[in-house]
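Q: Listed below are the residues making up each chain.
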Amino acid sequence: MNSNEVGGENPVSEADSHRPAGVPEPPPGPSPEPAPRAWWHPRRLLRGRVRPAAAAALAGVLLGVAGTAWQTGTGPFRDDRKCWGALDDGDLEGYFRDPAEVVAHETSVQYRSLDGYSGLCRLSTRRGAVTVNVHRLDLRYDGFGRWGDEYLAPRLVPMGGGLLGMASDTRAWLALPEGCVGRPSLAQGPTVVDIDTGWTVQSSDVDEKERAVLTRMVVKLVNRILDQEGCSGTVVDPADRLPAADDGLTSERPGAVCRVKGLTLPAQHKDGNGTNSDKSGKGGKSSENGKSGGGDGEAAPRVWITPGDGPVRTCDRTRLGYTELRLMTVSDPRLAALFERSRDAYGTRLTSSRGRGSLSDRDGVFLARCQTGDVAFVARTLTLTSSQPVRALFPRYVEAEAARAGCGTLRVTAGTSGGD
Amino acid sequence: MADETGELAGREGAHGRGTRGTGKRRLLAGGAALALLAALAGTWATHTWPFTGDEHYCWGAWRENSGPDFLGDEALEDGNGKRVGTERAPTPRRPTGTCTVAIDTWRTAGNGDKVTHRTEIEVTYGPAPKGAAERAGWVVDHLGGDALPLPDGLPGTVHGLGGTIVLPKRCDTADGRPTVVTLAAGSTDTWSRGSMAGRAGLGGTRSVAALLVAAANRGMEAAGCAAGRPFELVSPVLQLPERAESLFTEACRIPGFAIDKVTGSNLEYQVGAVDRDLQSCSVRLQRGLGRFYDAVMVAEPRLAALLDGVTGDGPPAPGWRGTGVFTDDYGIVRADCAGRPATFVMVSLPRDAQEAFTDAVTGRLGCDPLAPRHTQPS
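Chains as they are written, first to last, in the numbering used here: chain G, 434 to 853; chain D, 14 to 391.
For reference, chain D alone in the conformation it holds in the complex (with noise of 0.2 Å):
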């Protein structure tokens, strides 16, 4: 090929003149097109650029073969699986979509029994939801658990299996609301006697990251609130979460953040972000069995948005410091701490829990209290 090259080049320096010239330029023409006809059929038979054939998921943001392993080939066990995506992408009009990538495969266990495995990853372009009992739930959900920040101080959260991330303002809805990409994933194994959860092929926490910005990427261009500045994630994840703990005296290590025995000895806490950005407690039952108490602090601006118009106007309770709203089934409380406003949501916290846990944090990152003084233990 290569000699062949530096023959044509040479001889046309030599011949390229005069009436003999027409004939050999034909046949370097069609030399030149059998070239391409073989190079064309060698990207088309090898699946390779423009011929890859590869789908593409989620407003274009995720290529097949490119990336974890949900993307990949071996996802579809040598042809006993399909990959189906599905998507309706945000418009100007509309900013609002979502996308899917369903992993369908199925294999013959060793004693017979037919296995199927799903795995969904689901990714959601929009605004958080309105009402304050739904975006309390909702905060904790997203920010709470073993949910960490975003690497190079990207305004969301990631772990294992999805992640969170807030748009820049000028994709806030008309009411105000930031617009939010969330990522999640599941994955089952289901054979003749039950199921359990299975390997989702996501990758690893740097892997959902990427996945996650390309689609806020994608999106925000879809929706027309690029701006030309898409995200951009750079650094390694730096630190894992902890493995949750089983809960003996108090949640998330917090002084005071206590729990009776007998309700203790069937719960786990789950220590999340602990930075003067976000913070975060989780009371689950074991065993991933339904959850208990969640306590968020953000004061990361853009996350600290998602709780604007819900914080209230005066006081959550008596002789607290801050505005906020304390019902039932959740507390919000917002108040100034070493400079900048921190947003507190607490779903199904008692008082004793609530004061706990803002102490603890007002003790961390250096201000006055929210509580009012009670006698602390020691």
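Next up, chain G with everything else stripped away, as it sits in the complex (with noise of 0.2 Å):
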């Protein structure tokens, strides 16, 4: 813009000030240049003094054009990093065949004094779709709803290293560090980002690969959203030190339900074989167990236990792919919390020095005090029809769980329903 005033006001280039643009000249001596070009050529017309400014004014343009795009995140700067800026087809390749065919759908991550934080993003091809959501654990649902049954599930690895989070090839999640949000008040479950893959994988083998690749993706959304808050540190990616997941292969020993040690059936509980042999000729009992017996002949039931020492260790008991029963261990009072609304939720009540719960024929809740903070303990029934012998098992699995999570010494004592 300014290119003539910048030739005008230089008083030493008088060689160019006495000859216009545009006039043509002979050709300089050592230049082997044939004949006078056209006066339209580009070399014709970029003679002389508006060369320079020519150059200049192309070099602003340039400039200028490229600093617009940097600022818009246009153009070569155009930032296509997927989820509040999280994720860029790097992450996303080891999930989607085409990271340039993954669309996103995003809310941004937003905050609520009352609701904490919230935020969507859908990430989809036509063949599928992952689900990132960053929310609050609700205290009243997430525990015995949706979220603890596939969240918490022995299919998911604890990440370790001091993370509040787990991850298996279908689903992942994380906790935002307090050091950035802060502790979760005693109403206040912990904000976590979570991965939802769509698939609700429960036998099959925990394929790494993916499982890594959600991890990592985890991870940046967590890192990305300290970025935003202006929060210091960045989570290390955890994802290559993950212990492998159960492969449901190693049985339970005769008295270790679930490997716990100590922990034997009722004597008139019998599994497999036992209720098949006498299912047809009782009433209430057998019919009970019609479900579990019938149609799976000899088969054990297959467990899986989440691996490592990590806030949860969660044992699925499975028939025919079907988990029959789940018995918890909650040791991180952050989760623990969830259980919380539902301790006295069923008839018997549970004492003990150091807690209590409620137990039921199908279910039982216990959370005790320990110096950790809160640990629950979770028994429930997930098939329609089967009878598992929770009532009988739940108070054992406390005592002998208590003592490993570091509790102590429990007594747990069932009293008689209290009228509920």
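If you are wondering where the hints come from, they were derived from the structure by calculation, not from laboratory data. Please read all numbers here as calculations on a predicted model, not as lab measurements. Among the hints, a few may not be true.
Claimed, not checked - Where chain D lies over chain G, by a calculated footprint (3+ residues, C-beta under 8 Å):
1. 525-538
2. 544-556
3. 592-599
4. 743-755
Claimed, not checked - Calculated from the model, a selection of chain G residues having no Cβ within reach of chain D, i.e. all distances over 12 Å:
5. His568
6. Glu641
7. Leu682
8. Leu698
9. Pro766
10. Asp777
11. Ala838
To be verified - Quick list of simulated restraints, FRET-style, between CB atoms:
12. Gly85(D) / Thr784(G): 31 to 39 Å
13. Ser541(G) / Gly207(D): 41 to 49 Å
14. Glu662(G) / Pro181(D): 29 to 37 Å
15. Asp513(G) / Arg106(D): 32 to 40 Å
The beta carbon of each residue, even a glycine, is placed where N, CA and C say it ideally should be.
Dock chain to chain to rebuild the complex, using the hints, since each chain is given by itself in its own frame.
A: What follows is the structure, encoded as structure tokens:
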């Protein structure tokens, strides 16, 4: 824009000043130019003082365009990272065949004083989708609800290293660091970023490569939120040091239900063939056992247990691919809080010197006050008709697991039904 | 600006040869000198490099207007305040040092009362105290309370107003004691009628950890034991300490760590770290009115080295496992637990509380108890 001024205010360039642009001139000596060019030729148009001016103008325009592109994030500076700028194509590659095909729909991560953080990002192609959800866990629904069912399942392994997070090849979740978002109050669950690939796989082997991809994604998402919140620190990706998930091939030994030493099934309850043989004879009990006993012959239950020393130890006892019984020890108080509201939900009271709970034929919950905070113990029957020996098993389970979880020696006594 | 540089470059290419070039070159040189001067004036005026004018504190580890609030201009209340740094860096010949940053501000409250605010942040570089009793007190002060382990497995602890980091073995004193860098901050608002704790502006636990690590790295360099491997802080702070809780039955929810009800009514307990490297439980008089009981277990090797030399030669008391010393004021005992030595420091604890604490730790770590078996409460 100021090319003329620059040329004009330069008194030294008198060689240029007396020769207006566009006027033909003889070719300079050493230059081997064969013939004078037509007036419209670029070399002629850009001759003399016009040339530096034009070069300057061009440079300026280029810089301007580049600057604008950079500022607005377009052109070569286009930021095509997805989910709040957290995930680049390389991050998606391990999961989606063609990252370029992935379409992201995202709602920015927002904060409300009463409800905490919330954000959603859905990455989809024609063949599938991955949903990223940022939310504060809800103490009313998320323990016994779908979140607890899916994200605390034994297919997920703990991320370790002090991280409150777990991962499998279909689910991954990680809590936001407390140093950034604060410690949740008594009435709040932790705030997590979770990833759901849509499939709810239960029994097949875990694809460790896809698990690593989901882990890396969830870590990058958390780091992006740290960044946006102005918090320092970067969560180190634990993807290469995750333990192997349970392959479901190690059966439980007799007298060690869910591999808890000394946890025996009550004598009247027999797994598999035992219930088969006498099921047709008796009334209530046999019909309860009908489903679990029928069809699978002598098959012993398969057990899947969360490996490692993480915030949760979940044991799923499955038959024919269906989980019949889940026993959980939730030793991180932030997750144990998800089960607190169900502590008195069932008819039979459970008491001990350092905690209490309740129990029914199918389910049980107990919360113990331990040095690390509350530890929750949970038993759930997940099939409709099968009668699992929860009533007899659960108090012994709590006692055995309390010692392992560092709560010391607990004696759990079951009271009579409290009238409910 | 952009056009100008492009123009100059273009002209240089077209007319750089011959006699006419000298004048042009002179002009170019003059222009460049002018531009440089302008740039320098600009940086000077805006206080950017190299004319920052920013003070450095703590042996060059911290810079004014970087990081947390107390280093920024806001801390000075629009000119009604001053920030003063004093320091003595460690040297290879005298490997101890201190530095302080003190901020004094004053303002007039709505009722005309003059309110002064003082924040003081102190960093020390040097070994932990030598005597066993002082060492025990030092350890519970720095590793107990609401201090949690530093991120990234760094050998130390941090809380909202301070932290401690144990330097590598190459920085040990001649008598084998580890050198430690500590950071402690205090802040008070004072007015005509009294005073109360104020905001120190350290920026939270993660920021304290960063300040501590920076000071430790600078201190090691100054003392000549850095060996090119500084501490590196990468991770965020994953977990914050729980709140102190009123003590009704068992301190820190540890089975059997009970205090009789009359005394207990004015006490609160603070659960600190509870992991395989470090566990702590502190009992305090409420509202910060003094300490009552302190118990710490260290297994992290560099932290445990803080207690080398004061763990005695024989069992601390008849029937106890490991070696240690129990006096009326404190108890120190070290024993193998699940494959590595665990060292316990217990200050002012009665015997049954010592047993309860050690039992809780060994139960959690999965090793035999240290105390002789007694009837365990259920």
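Q: Now look at each hint and say whether the structure bears it out.
A: We went through each hint and held it up to the structure:
Proximity of the segment 525-538 of chain G to chain D, defined as three or more residues with a beta carbon under 8 Å from a beta carbon of that chain, is not established by the 0 residues found. Only residues whose beta carbon comes within less than 8 Å of a beta carbon in chain D count, and the segment 544-556 of chain G has 0; fewer than three means the coverage is violated. Here's how the segment 592-599 of chain G fares: 3 of its residues keep a CB closer than 8 Å to some CB of chain D, so the rule of at least three is met and the hint holds. Against chain D, the segment 743-755 of chain G contributes 0 residues with a C-beta closer than 8 Å to a partner C-beta. That does not satisfy the three-residue criterion, and the hint is violated.
No beta-carbon of chain D comes within 12 Å of the beta-carbon of His568(G); the shortest separation is about 19 Å. Separation of Glu641(G) from chain D is adequate, the least Cβ-Cβ distance of about 24 Å exceeding the 12 Å criterion. Residue placement check: Leu682(G) keeps its beta carbon more than 12 Å from all beta carbons of chain D (closest about 26 Å). With a cut of 12 Å on Cβ distances, Leu698(G) stays outside the contact zone with chain D, its closest approach being about 25 Å.
With a least beta-carbon separation of about 8 Å from chain D, Pro766(G) fails to lie farther than 12 Å from that chain, contradicting its non-interface assignment. Remark: the non-interface label on Asp777(G) is consistent with the geometry, its nearest Cβ contact in chain D lying 20 Å away (cut-off 12 Å). Not every CB of chain D lies more than 12 Å from the CB of Ala838(G), the least distance being 9 Å, so the non-interface label is violated. Under the hint 31 to 39 Å, the C-beta atoms of Gly85(D) and Thr784(G), about 55 Å apart, miss the expected range.
In this structure, Ser541(G) and Gly207(D) meet the distance hint of 41 to 49 Å, their C-beta atoms being roughly 46 Å apart. Checked against the given bound of 29 to 37 Å, the beta carbons of Glu662(G) and Pro181(D), roughly 33 Å apart, stay inside it. Remark: the range hint 32 to 40 Å for Asp513(G) to Arg106(D) is contradicted by a beta-carbon distance near 58 Å.
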